[in-house]
Structure formats: C-alpha cells, structure tokens
Amino acid sequence: MKKNMPVPIKTEAVKEWVLDKNHLSYWLRQLRKDFELVAPLRERNDIVLKRIDRIHEIALDCPASIPSPKEFLFPQFEPMLTKGTDGISDLRDGSKRVIFGVRSCDVSAVNLLDKFYLSGIADPYYESRRKNTLFISLVCNVPDGTCFCAGLGTGPYLKTGYDIQLYDLGDRYLLQAGSKDAERLVGRHRFLMRKPSKTDHEDQYEAQASSKAMFAERISLEGARQMITDGKVADDFWQDVAERCFECGGCVYECPLCTCFSVIDRKYNAGPADEQVERSRLWDACMFKGFTGMAGGALPAEKRILRTKRWFYHKLIYYPETLGAFGCTGCGRCTITCPGKIDMASVVHRMGNEYSKG
Amino acid sequence: MEKFLTVCPYCGCGCGLYLHTEGGRITGVSPSRNHPVNTGSLCVKGWNSYEFIQHPDRLKYPMIRERGALRRATWKEALRKVAGELSRIKDSRGPDAIGVLSSAKCTNEENYLMMKFARAAIGTNNIDHCARLCHSSSVGGLSAAFGSGAMTNSITEIKDARVLFVIGSNTTEQHPMIGMHMLDAVDRGASLIVADPRKIPLAGFARIHLRHRCGTDVALLLSIMNVIVAEGLVDVEFVRRRTENFDAFSSLLEEYRPDTGERITGVKADDIKKAARLYASEKRSMFFYSMGITQHVTGVDNVKACADLVMLAGHIGLPMTGLNPLRGQNNVQGACDMGALPDYYSGYQAVKNPASRRKFEKAWRKRLPDRPGLTLMEMLHDGVRAMFVMGENPALSDPDTTHVRERLERLDFLAVQDIFLTETSEYADVVLPAASFAEKDGTFTNTERRVQLIRKAVEPPQEARPDWQIICNLSGLMGAKMHYRGTYEIMEEIALLTPHYGGTLHHRLDEGFGLQWPCPDISHTGTPYLHRKKFARGLGSFTSVGYMPPAELPDGDFPFLLTTGRISFQYHTGTMTRRTHIIEREEPVCLMEINPEDAKRLGIAERQGVRVKSRRGEITVTAAITERTPEGTVFLPFHYREAAANILTNPALDPAAKIPEFKVCAVAIEKAG
Amino acid sequence: MNANNVYTPSEALIEEVITLSRNVNLYTVKTKEEIKWLPGQFFMVSVFGFGEAPISVTSSAREPLKFCIKKVGHVTGAIHGLRAGDTIGIRGPYGNAFPLDVARGRDVVIIAGGLGIAPLRPLIHEFMENGKDYARVFLLSGSKTPADVIYSEECALWEKRGIRVTLTVDCPDDSWDVCTGLVTAHLDKVEADFQNAASYICGPEVMIEAAMKAVSARGIPEERIITTLEAHMKCGVGKCGHCYMGPKYICTDGPVFSYKELRRLAERFGKGHGPQDDPMWGY
Ligand SMILES: Cc1cc2nc3c(=O)[nH]c(=O)nc-3n(C[C@H](O)[C@H](O)[C@H](O)COP(=O)(O)OP(=O)(O)OC[C@H]3O[C@@H](n4cnc5c(N)ncnc54)[C@H](O)[C@@H]3O)c2cc1C
Ligand code: SF4
Ligand code: SF4
Ligand code: FES
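Sequences listed follow chains A, B and C, in order. Take the first sequence: its letters are residues 1 to 358, numbered as in our numbering. Take the second sequence: its letters are residues 1 to 673, numbered as in our numbering. Take the third sequence: its letters are residues 1 to 283, numbered as in our numbering.
Just so you know, not all the hints are guaranteed correct.
Which bits of chain A does chain B cover? Going by a derived footprint, with three or more residues having C-beta under 8 Å, they are [as the list claims (entries may be wrong)]:
no., segment
1, 181-195
2, 205-214
3, 239-248
4, 339-347
Source of the hints: derived by calculation from the structure; they are not laboratory data. Computed from a predicted model, the values in this text were never measured in an experiment. Glycine included, every Cβ here is placed at the ideal spot set by N, Cα and C.
Construct the entire structure; sequences and hints are all you get.
Structure follows, in structure tokens:
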C-alpha cells in the first residue's frame with residue numbers, strides 16, 4: 001500500500017493556494033464526506049480535539065489541544081487483536097481522518113513519531129492509522145504562556161514536513177500542501193481557491209514574524225543538553241527534581257513524543273465455552289517503577305531519581321542521538337499537566353539558573 | 001472520537017476529566033485544563049480510570065444464590081426476590097430489622113433515593129454509609145463547634161495561603177491534586193507545618209514536621225493552643241465577637257504546657273512553640289486534616305481541638321483560612337449531604353426534629369419513623385436481620401473483618417448492588433449489577449462542597465443498570481412508587497427539600513464546573529468559603545476536652561503500634577485499582593512499612609514475609625524497611641484482600657461518632673516461616 | 001493469519017514437554033511455516049489470556065525449535081500448565097545474535113549461571129559442529145543447588161564431543177560430589193589462552209557482572225567478552241520502550257552486547273539509566 005507520509009519538500013516546490021475564510025466551512029464539509037473530521041472545540045474554555053458535528057463550532061484561535069493529537073495515531077487504549085475459537089482477528093483501525101486545526105508543534109511531533117514507529121520493524125497499528133490520517137495544521141497565532149517551540153524550529157510555522165498548513169491572513173488563509181496526497185486532496189476543491197498574489201506573500205511574511213514575536217521566553221534545550229553531557233548536572237539536582245514527582249505519568253501521557261506502551265490480555269466470555277481473549281495496548285510511562293519491573297518483583301528503577309532522570313535524558317540526549325531531534329517540540333503540555341512543576345521547561349530553566357553561570 | 005466531561009470516580013478532590021470514546025468503548029482519559037481543582041493535571045488513578053470500566057469482571061446480569069452458588073437471573077426475578085424478602089422481614093420483624101448501606105461512590109441523586117427508599121419504602125432510619133468510617137467525627141465535632149461539618153474553604157484558595165497546617169493527611173498521595181496546590185503555595189513562599197507520625201512526602205517540603213505519637217493529636221493541638229494563649233497570639237477580637245465558651249476552655253489549656261505536650265506526644269516543646277507562632281502569626285493560615293484525625297476513638301475530640309485552634313487564631317470565615325477536612329471518597333460529602341445517615345435527612349435536617357420530619361412526610365406522602373437508626377458499625381455488629389448494600393464493601397473495609405464476615409454470614413437476607421463481585425457479595429443472596437460512573441448521569445459533591453455533573457459516556461455492560469433506576473424499580477415493588485424521567489428530576493426534588501442544594505439544578509451545573517453549596521436558589525452562584533461573618537450555629541463554640549489515650553496501645557504481647565491507611569497507587573478495597581494494569585503492577589503486594597531499627601532487632605530483611613498478629617487475627621505481609629515509619633510503629637495499607645489489614649484493626653468506637661479506631665491498634669510481628 | 005502485523009503471533013504446536021528441573025521445562029514446538037533463527041535470538045511466546053514473554057531459543061538451527069522455560073510468574077506459569085498437543089503463540093525471532101567472528105580461531109570460554117545455559121546451548125552446538133573454526137572450548141556452568149541443574153546429561157555428551165565442561169553448584173547437598181562455589185571461582189581450572197580467547201556469558205545479572213570482570217582481568221579484551229541481557233519486554237521490536245538501557249533497546253540493539261559496549265554506555269551516561277542500576281554499566 002502507498003503511504004501518505006509527509007515528504008519533506010523544498011520551499012520553492014511548495015504548492016500554495018488562497019482560501020477565502022467564508023469558504024472554509026464549505027471546504028471542510030466537503031472533506032467530511034470522505035473523512036472523519038476531527039478538530040479542536042472549546043468546552044468550558046478547555047480545548048478538546050474530537051469528532052466535529054457542527055463545523056462552525058471549531059475553535060480556530062486557540063492554543064494547543066489537551067491531550068495532543070498523538071491519541072489519534074496511538075490511542076491511550078487500543079485493542080490490538082482478539083483470539084476466539086475461530087482464530088485471531090486483527091483489530092487495526094483504518095478509519096480515514098482529517099485532523100484539522102492542529103498546531104505546527106504537533107505536526108513536528110508526528111514527523112518524529114513517524115521516524116520512531118515506522119523505522120526498523122514498523123509498528124502496524126501506528127502505520128495503519130497514520131496512513132489514513134491527514135493533518136491540516138494552522139500556523140500558530142495564539143501561543144500559550146507555556147509554549148517554547150519558536151526556539152526549537154518545531155513551530156510556530158513549518159517550512160517542511162506538514163501535510164497541509166494554513167496561514168491566517170485576516171480574511172483568508174494561505175494554504176500550503178506539503179505532500180503529493182495533500183496536493184491531490186486540495187486539488188479536488190480547486191474551484192474554491194486561487195493562486196497567491198504578492199500581497200498574500202507579504203501578509204504571510206508578516207504573519208510569520210508576528211507569531212514568532214509572540215513568544216515570551218526561549219528555553220534552550222541545546223544548552224541543557226550540553227550542561228548534561230559536560231557532566232555539570234549533579235545527581236543532587238535530579239534528586240531535588242525527583243522529590244517533587246507525584247508519579248502520575250501525566251508528563252508521558254501528555255507528551256506528543258512519548259511512545260511507550262504496555263500490553264494486556266483480557267478474557268471475555270462471549271458465550272458458554274466460548275472464550276474471547278482481547279489483547280490491547282495502553283499508554284505506559286517510564287515514570288512508574290513497575291515499568292522495568294522483573295519477574296519475581298525485582299525493581300531495577302525503584303529509586304525515583306532514576307526514572308525522572310531517564311525521562312529527561314531520553315528527550316535531551318538519546319532522542320537526538322537516535323532520531324536526530326530533541327524528544328520535545330516545546331508544546332508546553334507537560335508544564336500544564338505536571339502537578340510537581342518539574343516539566344521540561346521548568347527543569348531546563350532551573351538547570352540554566354544553577355549551572356550555566358560559571 | 002467523542003469526549004465527555006465528567007468527574008473522577010476516585011478521591012474527594014473531584015477532578016474534572018474527559019472520557020474519550022470510540023465505537024462505544026472508552027479509549028482514554030484527559031484532564032480538564034480549566035477545572036478549578038485539577039487545572040490540567042490528574043493523578044495516576046485518574047489517568048488510568050478508564051480501564052476498570054470495561055474490565056471483563058464487571059457484573060453484567062443479576063444473580064441469585066441457590067444451593068450456595070450464585071446463578072444468573074433475570075431482573076424481574078432478582079428484583080422480586082429482593083423486594084419479597086425485604087417485605088417479608090419487614091412484616092415479620094418490623095422495618096428496623098433491615099439495614100441499608102448507601103454509597104459514597106454513587107451519585108447524590110442515588111444517595112437521596114436510597115435514603116428515601118429506606119425511610120419511605122422500608123420505613124427505617126437504619127441507613128448509613130462509609131462516611132461513618134472516615135469523617136463521622138468531623139460531622140459530629142464540627143457541628144458542635146461551628147454548626148456545619150464540611151470543608152470551610154476552597155481548593156483554589158490554597159495556593160495563595162501563607163501558612164498551611166496539615167495534620168493527619170498524607171495529602172500528596174491521598175488527595176494528590178490538593179497536594180499539588182499545597183506545593184504551589186510553598187513555591188510561592190508559604191510555610192508548611194506538617195504534623196504526622198510518618199515521614200510522608202509532604203514533610204519533605206515542610207518548615208516544621210511534628211512527628212507526634214499516633215493517637216496523641218489532642219495533646220499536640222492543646223499544647224499548641226497553650227502557647228498561642230501564653231504568648232498573646234490569640235485573635236482576641238475574633239474570640240470576643242464570634243465565639244463562646246472561651247473561659248472554660250482556657251482553663252483546660254493550662255494543663256497542656258509545651259513540656260506536657262512533649263511528654264505525651266514526643267514532639268520537642270520547642271517545635272510545638274514554633275508551630276504555634278508560625279500558625280498564629282500569619283493571617284492567611286489554612287488548616288487541613290484527614291483520616292489521621294478522625295479515625296480514632298477520640299475522633300470527635302480531635303476534630304474539636306482542631307476547630308478550637310482555628311478559632312483561637314481567628315483563622316476562619318475568610319478566604320485562605322479555615323478548617324478543611326479532606327474527604328476521602330469522590331462523593332462522601334454528597335452522600336452525607338443527601339442524608340444517607342441514620343439521624344439526618346438531606347441537608348442535615350435532623351430526624352429528631354419534628355418540623356423536618358413533617359416536611360419530608362408531606363413531600364413523600366408517607367409516615368416516617370422518628371427514632372434515629374443504627375449506624376454502620378451497629379448494623380454490622382448486632383441489630384439487623386437483613387441488609388441492602390449498595391456499592392460498599394464492608395467485608396474488607398471495616399475493622400475486625402473476621403467478625404463482620406460472621407455477621408454477614410448470619411444475616412437472613414443480604415442483597416448487594418455493585419459493579420464488581422466484591423468480598424461482601426460472597427455473602428449475598430442476590431447480587432444486582434450496577435452502572436459505573438461512566439455509564440450514567442448525576443452529580444458528585446467533592447470535598448470543597450462543589451456539586452458537579454457526571455455524564456454518561458458509554459452504555460453499561462449488558463444488563464447492568466444505573467443504581468437510581470434499580471432503587472426506583474425496587475421501591476415500586478415495595479409499594480412506594482418512584483418515578484423520575486432522569487436524574488435531573490431527582491435533583492429537582494432534592495433542591496426542593498434541601499436548602500443547601502436549592503440552586504444546584506443540572507442545567508446550571510452544566511454551564512461550568514459545578515457550584516459550591518450552600519447554593520440556596522437558582523440565582524445563587526455558590527459559596528467558596530463558609531462561616532463568613534457568622535457561624536452556621538451562630539457563635540462558634542470552644543468544645544475541646546482533655547487528651548485520652550487510644551483504646552489499645554502496645555504492650556508486652558503486642559509490642560508494636562499498627563496504623564493503617566492508603567497508598568497512592570491503590571484505592572480502598574481495590575475493586576477498581578486492582579483491576580487496572582498499570583496501578584496493580586506498581587503495588588501488587590501488601591507491604592508493611594517498618595523502621596530499620598525495628599527490622600534489625602527482629603532480624604527482618606527487606607521484602608521478607610512477616611506475620612502480623614493482633615488480638616483479633618493475623619495476616620501475612622511483606623516487609624518494606626523504611627525511615628518513613630517511626631520506631632515502634634508499623635504501617636499497613638488496607639487495600640489487599642489476601643492480606644486484609646482490617647482483620648487486625650480494633651473495632652473500638654468513638655462514643656459519639658461511632659467511628660472505629662483504624663489508626664491505632666497493638667500488634668505483634670514475627671518472621672513468616 | 002495476518003502476516004503483515006508483527007504483533008500477531010503464529011500458532012505453534014507443543015510437540016513435547018520435558019521436565020529439566022523442579023521449575024524448568026523444555027518445550028519442543030512445531031510451527032506451520034518454517035522459521036530460521038540464530039544463536040542468541042529470542043521469540044515472544046504467548047498464552048492468550050495471560051500475555052507474552054520473551055524466551056530465548058535453546059535449540060540449534062538443525063534441531064526443531066525448543067524453548068527452555070522457567071516458571072517464575074504469570075505467563076511462564078501459564079506455559080507450565082500446558083502439555084504436548086496444546087498450542088502456544090510465537091512471534092520472532094527477535095534481537096541480534098551472538099557474534100561468532102570474535103571467537104574464530106581462538107579459545108572459547110563459555111560461562112553459564114543457572115538458566116543462562118539455555119541461550120548458550122545453540123552456541124555450544126555451533127562450536128561442536130564447526131569445531132575446526134575454533135580452538136579449545138571451555139564451559140563453566142553453575143547452578144544454585146543440585147536440584148536446579150539442567151542439561152547435565154547433555155553436558156556429558158558435549159564432553160564427549162570435545163567441550164571441556166565444569167559443573168558447579170553454589171549450595172551443594174549430599175547428593176553432590178563435584179565441586180562447589182560460585183562459578184567464577186572455578187576460572188582457574190580453565191586452561192585457556194585468555195589473552196587470545198573469547199568469552200560468552202549468560203546468567204543472573206550479578207553473576208554476569210562478576211564473570212565479565214573476572215575474564216577481563218585474566219586478559220580477554222573487552223570486545224571479545226559477550227553477554228546477553230534480560231529486561232522487562234512487551235513488544236520485542238523496539239517500540240514499547242520497556243527494555244531501555246540508556247539510548248538502546250535491549251530487544252533490538254541486543255540482547256547480545258559486548259563488555260566494551262556496556263562499559264562505554266556506563267562511562268557516557270553515568271549511573272542510573274536503565275534496568276541495570278549497578279556500578280558496572282549503570283544504565
Ligand atoms: C531476551 C530474553 C530472553 C529470555 N529467555 C528466557 C528463557 O529462555 N527462558 C526463560 O525461562 N526465561 C527467559 N527470559 C525471562 C522471561 O522472559 C521472564 O521470566 C518472563 O517474562 C516472566 O514473565 P511472567 O509473566 O511469567 O512473570 P511475572 O512475574 O508474572 O511478570 C513480571 C512482569 O515482568 C515482565 N517481564 C517482561 N520481560 C521480563 C523479563 N525478561 N524478566 C522478568 N520480567 C519480565 C512481564 O511481562 C510481567 O509484566 C528471557 C528474557 C529476555 C529478555
Ligand atoms: S517534553 Fe513537554 S513541552 Fe516537550 S513536547 Fe513533551 S509535553 Fe511538550
Ligand atoms: S507529570 Fe510531573 S508529577 Fe507526573 S509523573 Fe511526570 S514528572 Fe512526575
Ligand atoms: S521490548 Fe518493547 S522496546 Fe524492547
């Protein structure tokens with residue numbers, strides 16, 4: 001089967017169109033005929049990403065959703081297969097989805113997830129969902145106080161690696177297709193669009209500049225990486241961090257780049273003497289001591305510091321080594337969720353305060 | 001993918017979370033970012049609360065016991081059997097031969113219906129629930145002192161407090177999201193005082209950690225108050241204008257000088273003084289307590305001492321002050337509010353008060369019994385011949401379970417309504433399958449009195465039904481027709497009869513994240529803190545009494561003091577958490593915390609099996625050697641059926657609140673073979 | 001069955017179950033399709049309703065597929081409840097294999113602790129079958145008690161085919177009249193040319209660590225000291241994350257590692273990064 005993976009393409013080759021804002025809902029309604037349409041909604045001011053029934057309710061100027069769109073490619077709980085008397089059946093999800101209105105940082109995350117899940121032995125569940133999902137991202141114009149993508153190049157807009165990217169130019173969108181499939185999809189509704197003019201590009205430039213300017217603080221993951229590899233960061237520092245961990249797993253669950261899972265078998269009685277076993281996978285987290293637990297009860301990472309440190313090392317050191325980019329897009333979700341305030345931004349910040357001078 | 005905003009089914013924090021569904025199944029959970037309690041966070045139990053809902057062990061159809069074994073039955077059969085048996089016993093032995101246990105896990109609407117069912121359909125006040133085991137002493141103690149027994153302030157206020165005094169509450173582990181706000185306050189410069197015999201995680205952030213001996217809380221608090229008086233830190237104006245009984249109380253205080261306090265509690269007199277000064281000298285001082293205060297034979301005394309301390313310093317009736325009991329179960333506050341208590345109707349309207357009784361008689365068009373009923377412990381230890389238990393598991397949660405099980409065994413009839421087959425249902429004649437929180441609508445009231453909507457996200461498994469529908473069915477069969485088109489109609493009735501809940505109608509709750517009672521009418525926006533300007537009872541009353549030791553202390557035969565509680569990964573009797581993969585993997589075995597010195601003396605090695613014996617029974621557990629627990633004391637969680645701590649605990653009761661002393665009993669420890 | 005889903009196990013028939021010790025059984029299984037594997041690789045073995053566990057192959061390429069399984073918990077317990085004629089699910093083989101080039105033309109010192117002999121067995125077969133490619137082969141195999149000794153009859157056969165075998169137990173009883181003590185204590189008996197040898201080590205973690213240090217001290221260069229590690233595993237294909245060791249996943253980057261690789265990981269990342277929280281490789 002052909003994959004619908006974002007292919008990095010050169011800027012000059014980007015196919016661009018302009019879509020009048022008045023036509024957005026018409027376009028989405030058309031897309032919904034072939035795809036399940038997922039988009040952010042405001043619920044009591046929470047931004048939730050879910051299937052959209054009423055297109056006009058989509059929240060267009062909002063910060064990133066909670067949790068990240070990762071759950072559409074790698075759900076928190078996903079049935080994998082069942083085994084009954086008639087053998088094994090595969091429960092892979094292959095629904096066609098358009099995820100509209102996600103942020104650039106989340107698209108960057110998906111690119112890295114692709115690298116992880118599809119390299120080596122590809123993960124079939126992820127692959128099947130990914131092949132059938134198209135992301136239409138919005139260049140970020142309302143960064144949250146917790147966001148720091150701008151310093152990382154994972155946002156607020158992307159040069160490559162998106163499916164379809166929209167720039168908000170006031171009364172219209174500049175629409176960029178980043179893959180052949182995306183181009184074809186947009187092409188189907190060409191009649192709604194026009195070619196961009198010079199003014200459109202000028203406005204695009206302004207949109208880029210102004211969205212970049214909206215970021216208050218830049219967190220330097222590279223600086224943190226260097227401090228760690230230079231051996232500056234003592235275990236005392238990690239111990240202090242670890243003391244504050246509630247072991248909730250939230251950082252891992254929320255992070256668009258955390259990929260770990262566990263597998264469980266559950267027996268269901270479909271009828272007398274007809275036992276169905278369902279094997280499912282669910283989000284797991286290296287923050288739990290049982291994550292690396294061995295048969296017989298040995299817990300190699302029982303000390304909390306080992307787990308806390310692991311999470312940061314994975315994102316700051318191992319990720320760049322194995323996948324070529326930080327395991328963090330600066331989305332700020334861990335900052336929002338961590339009850340102990342030992343999220344990526346806070347810890348890197350604190351590390352800087354403690355070690356960067358001298 | 002659909003998402004439904006609802007409320008976490010675990011602790012009293014009442015966190016807002018979304019349940020995600022795909023194809024009629026729950027595929028995940030996420031926190032609500034704008035919810036005032038959890039502000040985008042969840043604890044590990046909340047994050048994994050999706051899993052037990054669709055566990056294959058869920059009860060899917062009614063069952064009736066026949067020749068010793070439970071067999072599948074139809075709803076009609078099962079309901080008839082329950083109604084028939086209850087009616088038979090009611091006719092032959094009178095309604096008071098029946099006891100009803102309602103549930104702090106069920107909604108307000110269901111608790112309301114349950115108490116209506118007990119009182120109007122059966123005709124007994126024998127209704128109670130597990131609040132008896134956690135906060136009945138708060139209700140008793142605070143009613144005497146203030147006239148109302150709930151958390152006075154709001155969770156959102158915590159982060160702005162200047163001093164936090166936390167006693168008998170392992171907050172970061174048991175009320176994690178409240179613990180989060182406490183850490184936040186500390187980060188913003190607040191001083192934290194922790195009083196706890198164990199080195200709980202919160203103690204690591206405390207300015208002062210008072211490690212008093214288990215069960216000496218009254219002495220500790222009185223000696224703190226002694227210092228406040230001695231050093232002139234009393235809020236004189238507050239005491240004069242808003243309280244009474246100060247004189248009698250102040251003469252009691254004279255006996256508890258800091259050195260006396262030190263002798264009884266083991267806490268240095270100096271630390272007692274420091275704590276007193278710190279707490280009294282800041283204006284924005286919040287006081288918190290939980291089961292470490294309430295679960296004693298002196299539970300009510302403990303609570304009264306807390307109340308007196310707060311009044312003495314004038315730290316109540318304002319934002320960021322107050323006396324804040326942290327409630328354990330997701331809806332234990334609501335179950336109490338709804339009158340699932342033997343002596344109160346909803347809204348704490350006393351059964352003994354003829355005016356209240358007439359009000360409910362008129363509304364329900366039934367004659368109601370006028371004598372307060374039996375409490376949970378009394379029902380289980382004598383009293384009744386038949387029981388109807390909804391969503392509770394006394395066979396594991398109550399002290400001296402061996403005795404409780406004998407009693408359950410001897411009942412003429414026992415019906416259990418639950419989502420799983422619990423230890424209690426092993427004794428049931430009929431088992432009714434109920435819907436979980438994800439499969440029904442209704443409201444929960446969290447520890448800060450926030451009445452919140454829960455929303456149905458998926459269908460119940462097979463034939464299971466929402467508890468409220470089951471109660472309606474049964475009530476109808478017993479001659480008291482109940483008919484509601486939905487839970488919102490039940491809430492309308494509650495609002496009509498319950499002044500605190502006058503304005504908490506579902507459509508209003510739907511608009512935001514609920515309303516905090518008192519909310520007397522439909523224009524009222526809720527009450528973030530209580531006792532403003534005036535206490536519920538008028539003047540606050542100083543009610544402290546002197547220190548009394550626990551009912552059972554270590555001696556030659558049973559040289560260790562056992563204290564029990566929860567651990568952060570498991571929850572209560574484990575019916576939900578032990579069916580959650582990630583959580584069960586974290587803490588699969590019952591670990592007994594023991595101090596390294598004690599372990600050395602007994603020759604116990606880490607993770608070795610040990611036998612723990614009390615006068616009531618013995619269990620085998622695994623030793624975890626840790627400084628957390630002081631010398632001479634051991635700690636056990638009560639979640640594990642294979643090592644049920646409550647086989648050991650002492651059923652000695654607080655004389656007023658009838659709460660058992662879970663927190664102190666004497667045990668002997670030896671290596672298991 | 002779905003061939004393109006790596007997580008779908010294939011059905012395999014248990015042809016024979018042999019009891020090797022009080023809690024270790026040897027399972028011979030037959031698969032529908034032909035499967036090839038290398039010494040050191042493992043399969044994810046599943047019993048539906050209980051789960052999956054990583055199990056090394058204990059048979060050589062010329063033999064039918066065999067697993068030597070110790071009953072320690074949920075899944076392995078369920079496997080022990082099965083009999084010949086029952087089916088299990090398997091998927092694999094996964095992981096890298098024992099490198100053989102390090103041993104070509106050299107003396108070989110194989111050190112096994114307890115069940116560690118299981119993954120080493122196909123390697124021993126390789127050395128017997130292609131004896132001319134290697135110099136002398138020494139096997140030191142230790143067990144906790146005499147009742148835990150497995151493959152003792154095979155050891156006798158191997159001895160006949162030129163392998164120099166030493167068997168030991170830590171805690172002997174009356175029935176045991178061979179030598180006693182920790183397996184590393186017997187290294188002196190191994191008359192290998194250590195400077196110019198290769199070593200393969202498998203067993204419990206403490207034993208691996210001690211053995212690697214001991215052979216290293218005797219002069220075997222770190223890159224020729226080979227071991228295979230264990231970890232909690234859920235997927236076997238580098239996705240679930242459970243088997244991490246620093247930047248590596250034991251299931252795909254291992255389970256076979258050289259002492260050199262492990263030392264380097266430890267030097268780079270200090271203590272505390274993976275399942276092996278011990279002073280040697282730390283992470
Ligand atoms: C590469 C490799 C090869 C192995 N080869 C063999 C072999 O040939 N023979 C043999 O008997 N055993 C072998 N093991 C160990 C075996 O996998 C574990 O004993 C088994 O997973 C325990 O599972 P359980 O469910 O029976 O135990 P439980 O105690 O019920 O489970 C413990 C938990 O640990 C997890 N776990 C996963 N992997 C391991 C592990 N390796 N060790 C401990 N716990 C683990 C389990 O999934 C479970 O969640 C091997 C392990 C690895 C990694
Ligand atoms: S580490 Fe935190 S900020 Fe970075 S991508 Fe993950 S959740 Fe977002
Ligand atoms: S979110 Fe924070 S408290 Fe929760 S596991 Fe992660 S680091 Fe620990
Ligand atoms: S077993 Fe899943 S990553 Fe190694």
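To see whether the hints hold, each was checked on the structure:
1. 181-195: violated (count 0)
2. 205-214: violated (count 0)
3. 239-248: holds (count 5)
4. 339-347: As far as the segment 339-347 of chain A goes, the hint holds, because 3 residues have Cβ atoms under 8 Å from chain B.
When held up to the earlier numbered hints, the structure conflicts with 1 and 2 and fits the remainder.
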